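Quick mapping for you: the protein sequence lines, in order, are chains A and B. Residue numbers are given in this note's numbering: position 299 of the first sequence equals residue 299, and the series is strictly consecutive. Residue numbers are given in this note's numbering: position 13 of the second sequence equals residue 1013, and the series is strictly consecutive.
Don't read these hints as lab results, they were simulated from the structure. Only a predicted model underlies this, so the values are computations on that prediction, with no experimental measurement involved. Accuracy of the hints is not assured; some may be wrong.
What the hints assert, rightly or not - No more than 25 Å apart at the CA atoms, straight line, and that leaves these computed lysine to any residue pairs for SDA-like:
1. A:K138 / B:N1246
2. A:K169 / B:E1070
3. A:K321 / B:L1261
4. A:K391 / B:K1160
5. B:K1160 / A:A426
6. A:K499 / B:G1151
7. A:K358 / B:W1030
8. A:K321 / B:M1158
9. A:K138 / B:E1161
10. A:K138 / B:I1152
11. A:K138 / B:Y1055
12. A:K358 / B:L1261
13. B:K1249 / A:T293
14. A:K281 / A:T293
15. B:K1249 / A:K499
16. A:K169 / B:N1246
17. A:K321 / B:Y1055
18. A:K93 / A:A392
19. A:K321 / B:S1067
20. A:K321 / B:L1077
21. A:K396 / A:K57
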Amino acid sequence: MHSVPTSGPSRRNFLSVTGIGALALFSGGALVGCGQRTTSVASNASEALLPTHMPLKAAAADIAGTAEGVPAAFYKYPAPFRSVETAPLKGSKITAITNLFGTAPNARADNPAWQAIEARLGGQVEITSVSSDDYATKFNTIIAGGELPDLMLNDGAAVPNIVEFLQAKCADLTPLLGGDKIKDYPNLAAIPEVFWKQTVQAGKLYSLPIPRNLTGGSGFVNQTLLENVGVKFTEDIKDKDDFYRVAKELTNPSRNQWALGSTKFGLTMLHHMFRTPNVWKNDGGKLTRAFETDEYLAAIEFAAKLYKDGLYVPGSEGWTKSQMVNSFISGKVAMIYDGLPAYIGPTGYGRSIPAANKANKAVPFIPVGHDGGKAQTWLDNITFATVMLKKADESKLKEVLAVANFLAAPFGSEEYLLLNYGAEGADYTLDSNGNPVVTERALLDNAVPWKYLAAPQQVVYDPSNKDIVDVMHNAYSKLIPLGVEDPCGTLFSPTNASKGAKLGQPVSDAATAVIAGRGTMDALKSAVADWKKNGGDTIRGEYESALAK
Amino acid sequence: MVAGLGRRPKNGPKNSPRNRPKTKDTRPIWMEKPKPAMQVSKAIALVVICFLALYPLLAVLATSLSSQSEIANNNGLVLFPKEPTFAAYQTIFAGGVVTDALIRSLVITTVGTALSLVVTVAMAYGLTRRDLVGGRFFLMTALFTMLFSPGIIPSFLMVKELGLLDSYAALVLPTLMSAFNLVVVRSFFMNLPQELFEAAKIDGAGDFRILVQMVLPLSRGVLAVVGLFYAVGYWNAFFNAMLYLNDDKWPLSMILRQYVLLGQPMGDSAVAEIAVPSQAIQMAVVVISLIPIVIVFPFLQRYFTKGVLTGAIKG
């Protein structure tokens, strides 16, 4: 059983707090304090709430994953095995809505991958897909239209009052997937519990997870530039003073080179060094917002010192992501913050930095504590999103879950190859090591967003370079044990949903002003006080009561 | 003869400026010949203005022809690519998705613009007739839509109830007539000399004949401008496509928007094994979307100012 060491509840704790709730919450029609971990009075049902983790007997990884959630790593694609024997659909059709990233796919009639997948499914999946920028608009108009698709992506932002929507329109999956019931869907059962915890709302299992590798990391460094100033590994930086010294040595404006430069100052790495909480800190049921803590203020103060001493590229806080990536690739900046998954893949830093300059190499930043102790990272990338099922009769729900089970085929399976690389021959061929080598048409054939409807736990896999796999796995191995969850990550606060972002903006602006030398720490503290007064305390109260239930 | 009433003589009157004998210096006598220094400074100013206007276009074009590493090494701004590559354009046009969308967009724009012009001209002409029963009511109804738009969800429900979801008609019918364009065309029609209409009626012409044989030939300028407004609107429209159509029917604007938004969400370790020079692609998308307007605009430019002014100062 996978679990994650966090300041949030353990499974036992988690199950114990999923007590009375929904009845009290919704009997009055108000949503005050409603949370995902609240459940009905029949609390003994919660013992069977989370699906039991049943790992598949799949091919052995080159580097095994861990119970903490560190993903398995593969240097080459293992011999494929079949994970789904019978077609989940019997000539029928289901509908879905999800995200589409990048280009629209080749149409079904001209898409061998799509045709092969639907042949294996035994029926059609009609997918409505739009970019994440358009998703809220599209999904809300579809909700207003009244005809919901069978599978619906919950991106966490499209529906403001998600709990009410789930209860009114979505199927409770607890009777179908809770506990050992999930054994009927072995690919879904292979997804560890840590991901299923994200799908519990109002005490019920309402959706399917689309797993990610738990942490977004602490950023990246240009290893070559770091070695030039005598630091072989980022872990060798002893404390904040040593970090400052290294940053100073990395900065040389006359050579167009700076230590730091990221959109919005790339503060995550500093917060990890100063052990700032992940959004909220839970101290025995009492919540403190990250920016109310001394750790946060110390990180901001340190960033202001770095900025004042010219260790950031001037104006880099306003960079677009493209500008930041370009500056990192060209060697103008030695350290940036970007999500850890940006390392791997054809356009990832692992390949793009040496491609621009063979002497350069990028590695994930592994932080040390500001005082020489351990750093604290954030488990801020547990799932991409979750997927809800429309209310329907049990046979229909089982049919849709069987499709999801197919789409969640794990790495190493035939189905994973089909869903991610397309039809063999037309979209990819296997090289002598058994790795798929894609053809020109693969990109557009594989653009059908199957992986945003259901997905397995991720692995680290890059057949192009063993070193990249090792570096990435090493980073996960070091960052995940240091990680803390947001204790409110799966809770719902109506005030936060309606005006949380607006309330937090002045604090973020005040912090920016402090770092850029335009504001004072007192102004930042005053912005935090205003946040409390204007609704922050209400949000805290709603989360605390949700936690207590 | 009614048939000839709308035609303009090919050559103007004898004393028109066009027919005056050309002299060496066409400058009016009260205007002094500019000094060389002034001419040089004007030339410099014009070159600077042209450069400022062309610089972003040049940067976009050059970036679209560059490789990712060249873009990165130049901090995202390339003016003269050392090794120009069409990789971005090849990526965009590979597989035919963009080509199909381009054809769809051309058809939607052509059909939509034609239908919009027919409907707008017909309604505008009708509303200029003083004997039209309820004309004021219809005009006010049309103007009302300029002030109060229906909103996304009511529009969606209307399209859904009409059975137009996932059909190309959903891109044309809801935006078939723009009240602004109606006002522009109606204003133009109202400023045509009433004597022409009276003469035509005396000659026995009906409204349809007056519209087709008199009004339209006299209104080519305003029709060109309004047509351009409609065409640009249909060409650029992505929102209705996003709302009403599935991705297999998307027009070019929506496909290109997807390229512009191309970015991986955090945590999405792309398994696709094709390297995409994303900034070059984004710039190539801008170039592709500019081409049709760049082609059409010079031909319509001479009508443009006139048409816009018609709507602006005549009511």
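Hint check results:
{"no.": "1", "hint": "A:K138 / B:N1246", "result": "11 Å, holds"}
{"no.": "2", "hint": "A:K169 / B:E1070", "result": "51 Å, violated"}
{"no.": "3", "hint": "A:K321 / B:L1261", "result": "12 Å, holds"}
{"no.": "4", "hint": "A:K391 / B:K1160", "result": "22 Å, holds"}
{"no.": "5", "hint": "B:K1160 / A:A426", "result": "38 Å, violated"}
{"no.": "6", "hint": "A:K499 / B:G1151", "result": "23 Å, holds"}
{"no.": "7", "hint": "A:K358 / B:W1030", "result": "70 Å, violated"}
{"no.": "8", "hint": "A:K321 / B:M1158", "result": "39 Å, violated"}
{"no.": "9", "hint": "A:K138 / B:E1161", "result": "17 Å, holds"}
{"no.": "10", "hint": "A:K138 / B:I1152", "result": "10 Å, holds"}
{"no.": "11", "hint": "A:K138 / B:Y1055", "result": "37 Å, violated"}
{"no.": "12", "hint": "A:K358 / B:L1261", "result": "30 Å, violated"}
{"no.": "13", "hint": "B:K1249 / A:T293", "result": "52 Å, violated"}
{"no.": "14", "hint": "A:K281 / A:T293", "result": "9 Å, holds"}
{"no.": "15", "hint": "B:K1249 / A:K499", "result": "37 Å, violated"}
{"no.": "16", "hint": "A:K169 / B:N1246", "result": "23 Å, holds"}
{"no.": "17", "hint": "A:K321 / B:Y1055", "result": "23 Å, holds"}
{"no.": "18", "hint": "A:K93 / A:A392", "result": "14 Å, holds"}
{"no.": "19", "hint": "A:K321 / B:S1067", "result": "18 Å, holds"}
{"no.": "20", "hint": "A:K321 / B:L1077", "result": "14 Å, holds"}
{"no.": "21", "hint": "A:K396 / A:K57", "result": "29 Å, violated"}
When held up to the earlier numbered hints, the structure conflicts with 2, 5, 7, 8, 11, 12, 13, 15, 21 and fits the remainder.
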